[in-house]
Structure formats: structure tokens, C-alpha cells
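J.: Since the structure of chain H is provided, determine the placement of chain V on it from the hints.
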Amino acid sequence: MGVGRAAETEDLLREAAPRALAAVVRRFGDFSDAEDAVQEAMIAASTQWSAQGTPENPVGWLIHVASRRMTDRIRSEAARRGREDLAGADPAEAEPSSDNDDTLALMFMCCHPALTPASAIALTLRAVAGLTTTEIGNAFLVPEATMAQRISRAKQSIKASPEPFGMPAEDERPERLRSVLRVIYLIFNEGYLTSSGPDLARAELSAEAIRLARIVRLALPENPEVAGLLALMLLTDSRRAARARPDGELIPLEEQDRALWDREEIDEGVALLADALGKGAVGEYQLQAAIAAEHATAARAGDTNWREILGLYGLLERMTGNPMVGLNRAIATAMADGPQAGLSLLEDLDGQLEDHHRLHATRAHLLEMSGDTDGAIAEYRTAASRTTSLPEQHYLTTQAARLNERRG
Amino acid sequence: MKFMLLQNYGGVPEGVPPMSEWAPEEIEAHITFQKDLNAELRERGELVEAQALTAPALAKFVVSDGGAPVVTDGPFPESKELLAGYRMIDVESTERAIEIAARGSAAPGPGGLPIKQSIEVREVMGPIEH
Numbered sequence: 001m002g003v004g005r006a007a008e009t010e011d012l013l014r015e016a017a018p019r020a021l022a023a024v025v026r027r028f029g030d031f032s033d034a035e036d037a038v039q040e041a042m043i044a045a046s047t048q049w050s051a052q053g054t055p056e057n058p059v060g061w062l063i064h065v066a067s068r069r070m071t072d073r074i075r076s077e078a079a080r081r082g083r084e085d086l087a088g089a090d091p092a093e094a095e096p097s098s099d100n101d102d103t104l105a106l107m108f109m110c111c112h113p114a115l116t117p118a119s120a121i122a123l124t125l126r127a128v129a130g131l132t133t134t135e136i137g138n139a140f141l142v143p144e145a146t147m148a149q150r151i152s153r154a155k156q157s158i159k160a161s162p163e164p165f166g167m168p169a170e171d172e173r174p175e176r177l178r179s180v181l182r183v184i185y186l187i188f189n190e191g192y193l194t195s196s197g198p199d200l201a202r203a204e205l206s207a208e209a210i211r212l213a214r215i216v217r218l219a220l221p222e223n224p225e226v227a228g229l230l231a232l233m234l235l236t237d238s239r240r241a242a243r244a245r246p247d248g249e250l251i252p253l254e255e256q257d258r259a260l261w262d263r264e265e266i267d268e269g270v271a272l273l274a275d276a277l278g279k280g281a282v283g284e285y286q287l288q289a290a291i292a293a294e295h296a297t298a299a300r301a302g303d304t305n306w307r308e309i310l311g312l313y314g315l316l317e318r319m320t321g322n323p324m325v326g327l328n329r330a331i332a333t334a335m336a337d338g339p340q341a342g343l344s345l346l347e348d349l350d351g352q353l354e355d356h357h358r359l360h361a362t363r364a365h366l367l368e369m370s371g372d373t374d375g376a377i378a379e380y381r382t383a384a385s386r387t388t389s390l391p392e393q394h395y396l397t398t399q400a401a402r403l404n405e406r407r408g
Numbered sequence: 001m002k003f004m005l006l007q008n009y010g011g012v013p014e015g016v017p018p019m020s021e022w023a024p025e026e027i028e029a030h031i032t033f034q035k036d037l038n039a040e041l042r043e044r045g046e047l048v049e050a051q052a053l054t055a056p057a058l059a060k061f062v063v064s065d066g067g068a069p070v071v072t073d074g075p076f077p078e079s080k081e082l083l084a085g086y087r088m089i090d091v092e093s094t095e096r097a098i099e100i101a102a103r104g105s106a107a108p109g110p111g112g113l114p115i116k117q118s119i120e121v122r123e124v125m126g127p128i129e130h
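Residue numbers (the working numbering), protein chains in the order written: chain H, 1 to 408; chain V, 1 to 130.
To be clear, the hints were calculated from the coordinates, so they are not data collected in a lab.
Using N, Cα and C, we set each Cβ at its ideal position, and we do this for glycine too.
Take every hint as true, because none was put in to throw you off.
Partial list, computed: chain H residues near chain V (C-beta under 7 Å):
# : residue
1 : Arg-381
2 : Ser-385
3 : Thr-388
4 : His-394
5 : Thr-397
6 : Ala-400
7 : Ala-401
8 : Asn-404
9 : Glu-405
So that you can see chain V by itself, here it is in the shape it has in the complex:
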């Protein structure tokens, strides 16, 4: 079963400051945690892909009726709703996907405490089952 684990900029509780206001060693601990989690999932044969996306400042929205597209550049007032990054995993069960999402959600933040990032868990549609 393949799942996308998605995280948005707004998925952290009120009061958690942006990363550039953390202590440098708190940032390092967070990044190390994410890398280690990816390495562990890769090691177990569960990681398909993990990517971080560029910041909302570089986002563009495109709409077209078939003619010249209408391109909207940032900054966006609702940038909290934008995707920050994702993991695609291939696991045996929904329970395992939730377990991995929970690990990601508890990534360390300021003071080394879990930031409680909200993770959106979405199963990827597959071929017809026989």
C-alpha cells in the first residue's frame, strides 16, 4: 500500500515560532531527526520518496482556459495552506502508515519538545485489485 504523508506550513500548533527563531542546535536536531527517519524508512524498504518543497515565496498558481495562462505569484495571504513537503511510503498496512506519520509528527522543535506537526495521511490509488 502506498501512502503520501503530507505536511503544510500551517500544520503546527499556535505559538511554535518559525525555524529561524529556534536555537541553532534545535534546528540541527530537527534536521537530523528527519534525515534519520528517512534513512530508517529507506533501510526497511518502505521509503519511495521524500521531498521538501521551496518556500511559499516562490509558489505560483496557474489557471488556463486553453489560451494564455493566468499566473499568480506570491506572496500569498494563505501560505499556511501550502504544502511544505511530503514522504511517499510503501508499507504493509494503514496502521504502519499511521505509525510513521506519528513519528514524523513528533519531530523535535524548540526545547527539544515534539512540535506536533499535523501530518495528512493519504493512500495512493492503485490498479484494480484481483
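For reference, chain H alone in the conformation it holds in the complex:
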């Protein structure tokens, strides 16, 4: 029972912490000190709440305790300097505004335009998701001291920026929201694209990203792209158990055991997406989610509606101008209209993607479909020599070997 309560407390704390942090930062201004103070308040809470029960207003409790620490700190700083004038802060003044707005403001700050994506990711995981520096370091395979420094420098960059904290102006919000969504999606992919063994810690990043998207959705329930991103991640994550062999080697979509796909995640993703598309402001996450949903709802690989997927990739390519989308459209074209049609689309992408490994991998796949074994082997080998992912390199090398063996 004690264990159950401790786990309950931990869940509650993780939900309450970003809201408390946002309120304390808003009240006192200094992000770094505020974070320390909230951390101390959380440590106090985890022992007190487990033993004595949860307070009626957990967020208020954390704000109160953290604000008291802030005031103490300011007092002792002032005393050290021989002054007593600026210590009058009343902890009660740091009330949460609208809860979800505060969390959103915190996310906007962590995804501040002054930060690089790597820093924004680290700070978001620290301040909003409540991961420890050790956990974040483990997840990104970086020593703890390096990660601590990255986070500390990120905080300094924000502090030095002209607009350190708070909701960005109305006209800047769409752009800032795009940054937030991108950071969340990057966190998800970091966790999804690696799998077993020593990388297990990274898998939890996907769950964190989904949790973060849920938090953003609470603040912006009517935004279809927020719902679209959440749907996309759920639909992608639903394939987690099927996408790799126990030793971590990749299994392509058409060969996956669809019985292993997570129905609950698929159902939630599909429902979210239907609701989002109904709002009539289609964006790239909704389109990607719609493609994922087409795959997720095909009972067998052979039942996939490639014609529909082709249309969606066409829309996505026009919307984003991203040549990587063109590669996927070429695959969909090959599946709908035959490999030659797909291959001629790839020719248009040659100039834009130069020697990117995915261009070679796609061409290899389509050449194999067309029956050109020698050409496919050469392209699989080139792709293997250019990828930066070890599981992908193993997969591509094995594809070349398989065709090589068949050729005899």
C-alpha cells in the first residue's frame, strides 16, 4: 500500500511540477533559481505526501513551498550584501493563472527561438517532463556533466534573451507552437528510431513525447495540428512491438506481424485524427497521421489503400516542399501504378537529395520490384555505405546480400 501511494505521489508530482514551475518563474523571474526551488519542493513533497497524504491543492502546495525557498534565498542574498529591501515577496502572490496556460507558457519558453533543437529538447525534458539530468543524459548517450552543462547554458541563453518568459505575443504564437510541436516530435523520434539493448532508456522518450503532446492538447484542445501530432505519434508508436526483432534488427512495415500492433493506440489515434480533420485546417502532422492511419487500419499489407496514401503524400509534399516526402510519394506511386512510375519520380529528386542514403534505399527497393536485381544490389550497397544508423545499415546490407545470394 505504501508503494502504491509513493507511485501515486510521483505521478501527481510530475503533473503538478511544470505548472508550479511556470507560476514561480512568472512570479520571481529567474528560471534557474525557480527550477532549483521547485526541485527542493518536490523532494519535500515526495516524502511528506507519501507519509501524510496528498494536499487538496498539490500545485498550490508546491508553489507555496518553492516560493518560500525563493524568498529565503533572496533574503540571504540581500543579507550577504547588507541590504534587506527586496525580500518582501509574499509566496501567496505566486498563484497559478489558468493552469494549462502556465504549462504552455513554460513549453514556449523551453522551445525558445534562441535555443538550438538539442538544447530545447534537453530543457523541455528537464523542466516540463520532469526528467532528471541523469535520465536525459542516459537517453541521449551523453555524460551527465555534459548534459547538465547543456541545460545550464540553455537557461542562460533564455535569461539573456529580450523576452525571457511568458506567453509570446499573439502574432508570434503560431510560429512558437510549431517549434514546440517540432521539439516534441524530435523527442518522439529519438525514442522510436532506436530500440533494444543498451538503448532501452531511449524508448521511454517516445512515451514522454506522447505525454508532452497530451499536456499541450489540454491547453489547446481546439488546435487540429496539436491533435494531429498526438495522433501521428500514437499511430506510429502502435507498431513498436512489431517493428524490430528481439535483437533490434528492423522489420519493414509490410513484413510486420500486425497482430502485435497496439489496438488501443490505433483507436485513439484514429479518433483524434477524425476529430482534427473535421475542423478543416489541415496541416502536416494531420496529413502524416492520416497516412499512418491508412497503414494502421489495413488488416493485411495487401489491403493497404496506396491510392489514398499517394494522394496524401502529394498534399504533404505541396505543403512542406520537403524532398524526403517525395521519396515516400515515389514508393506510394510504385505501389499504386508500378515500379517504373515510381522510378521516374525519383529521377526528379536526384538533384535535390544528392547522395542521401534514403534516395538510394528507395531506388534499390523500386529496382528490386521492377526485377532489376543487379541495379538493386548496387543501390542497397550504396545506401548501406551512406546511412548513419546501425540497424538501418544492417538491414540494407542484408537486403544486398539476400539479392546477391538469389542471383547465385
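T.: Leaving out everything else, chain V in the frame of chain H:
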């Protein structure tokens, strides 16, 4: 004692074909061997880090005199000399480092036979000993 166990692309005997010309199950056996060895070393508390590097096609050489750097891209005629990957281990003795290197060298190749990969064993310099 920390050691780097380094392997180059050229460290296999003449006549061993590149991996994409092996049979798929030979590739699988090789990869499984490497993963199992890493798992075993990790289990024993001896593995610091094991990494494979991207292929020579993506390598760059950089030289600078303090001004704009001179960057040389591949392909390189001497790509056999490039590092393919490494293990860093923390072990009790040089003998143990050699034992681990020997295990890695005998990783299975075509026909399941040891490929006899040459492993460069280099002790990492440490602080002053007292």
C-alpha cells in the same frame, strides 16, 4: 586499466569479401556475435563504450591554420586505413584486454569461419599513479 580496441576496414585477411557479399545468415551470425560480446562485457562490468562509425564514404578530413578550414571529402583511396569501430573496456589487466581482443578478432565471417580481424589494442593514458 582502460583500453581502446580499434578495428580498421583493412584489418581482415586478403580474400574476405565485403559483408554485402556474404549470405544473409552469415551477416546475422556476425552481428549477433558482436552484440552478444558487448552484452557479456557489459554484464561483467568491463564495457565502457562500443561504437560503430559511419562508412568511409561519409568521412571528412579537416585541416586549418586558424583561418578557413580545408575540408577533404571522400571517396578516399586509402579507406582501408580508416577506423570502422571501437570498444573501450575497463579491465584488470593487459592479459584480459588481449583476451577480449582475441574474442573480437575471431568473430564469424563467411562460412561461419573466424574472419581474423586485426584488432589494435591501445591502453588509454590515465592520471599519475601514486
